[in-house]
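Chemist: Quick note, the sequences are listed as chains V and P, same order.
At position 285 of the first sequence the residue is numbered 1342 (my numbering), and the sequence of numbers has no breaks.
At position 68 of the second sequence the residue is numbered 598 (my numbering), and the sequence of numbers has no breaks.
These are calculated hints, taken from the structure and not from any lab test.
No residue lacks a Cβ here, since even glycine has one placed at the ideal position from N, Cα and C.
There could be a bad hint or two in this list.
[As the list claims (entries may be wrong)] What follows is a list of derived Cβ distance ranges for each label pair: (1) I610(P) x L1187(V): 30 to 36 Å; (2) D553(P) x E1129(V): 22 to 28 Å; (3) G1293(V) x D553(P): 35 to 41 Å; (4) Q1414(V) x M603(P): 26 to 32 Å.
One letter stands for each residue in the lines below.
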Amino acid sequence: MEVYRTDIAVVGAGSAGLSAAYQAAGAGAKVLVIDENRLPGGQLFKQIHKFFGSRAHRAGTRGYMIGRELLENVTASGAEVWLDSLVYGMQKDLSLGVIRNGKHIVVKADAVIVAAGAKENYMAFPGSTLPGVMGAGAAQTMINVNRVLPGERVLMLGSGNVGLIVSYQLMQAGAEVVALVEGAPKIGGYGVHAGKIRRAGVPIYLSHTIKSVTGNGRVEKVEIVGVDARWQQIPGTEKTFEADTVCLAVGLNPMTELLWMSGCEFCFIPAFGGHVPLHDASMETTVKGLYVAGDVTGVEEASSAMEEGNLAGIGAARALGFLSEEEAKRKLAETAERLRTLRSGMFGEGRRKAKEQQLEAMEQYRAGTAESMI
Amino acid sequence: MDDIIICRCREVTRSEIIAAIRDGAVTVDGVKRRTHAGMGLCQGKTCGRLIERLIAQETGINPAEIRPQKSRMPVRPVRISSFGGENSDAEQ
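Put together the whole structure using the sequences plus the hints.
Modeler: Structure representation (structure tokens):
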């Protein structure tokens, strides 16, 4: 069995993982990034739209351009990146089981940063297993990465930013979006994305959900139905659409499997997608040497994932002595300040409160452990 | 409504899962042991959340107390041959 030793191992080469690798390798640590995909960049290279936020967060720049720059930074920093390599498990001593080119390798690192991202929520209804029903993120990968149109006539369920952006990109790719259906009484995502959908003439059905999908071996018809304030279906409000594809944009949840194996502590924050790991301001979990960053700590977006990656990279480099306490403190404070601006405003406020709750739970945990040791 | 498939890998329906909960399953692992939901190729990555929600609905347990199923290696399907053996295809 081959053993590979490194200072810092990063699981996931997306926005958070690449940022963490660049920070830690830039400080002088030997860094290995491992990703199961054939291409690095996580979700960034699917994002053909312009980002929001401040100048510091590259507002107005398209996601894949940000991805390219991040990759260049990582290459220049000297971090090694293993693609098409699966981290299949983690031991309590943080050693990682990896399958690379069909070969089993154990990676031993002094610090591990898990930036595994999130997965799409699924929804069950009659016909939800018919071919043609898929996650909106999956459809986005098909059109923007693989250049394959999943269908000609798409019904989108969910009006958060994923539902809105993917609807628009499906139209750009040549599909017709026959309806955008949202269970809540109002649109979930940004007005500017919703405006594009409205102007394109896509019918929007608020307070509606999918009642059933039918077809002979594939999606052919979708029946939607109105729902009341308690999400109960209202008989008599059904409408039927002919479609060959149904996209589900009903949220994401953190990919925490490796973290549960490590034995780190979790808290429950519905706004972040469910159970999320406790972590401190430098992204360290309750397991010493185990750091987290990005959607795995709670589902947000790419810009905050990159900043959390920066925090984790700085934190791990400091813990291993690659950054002085003073320098790390300054860098952490600067990054935290940029994160604060991302988590402000009408849409960021909820995420700021959720993150405060998570950090607070960590402080309470550490205070409790310190107390029990006296 | 009851014949909706929740675990698509093992084709376990909503009514089978509710029967398991009424039989006393109060955790995702308890439902898994009784119905095999979450034991297919994706290892509960698709249905796990739906099962958590069904347990909360049926039992009134606070969703914060309902943990995901126990995480075990491997987190993705892996060829046994990757770990060695006489017919290892590690060179392929």
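Chemist: Does the structure break any of the earlier hints, and which numbers would those be?
Modeler: Structure breaks hint 2 only.
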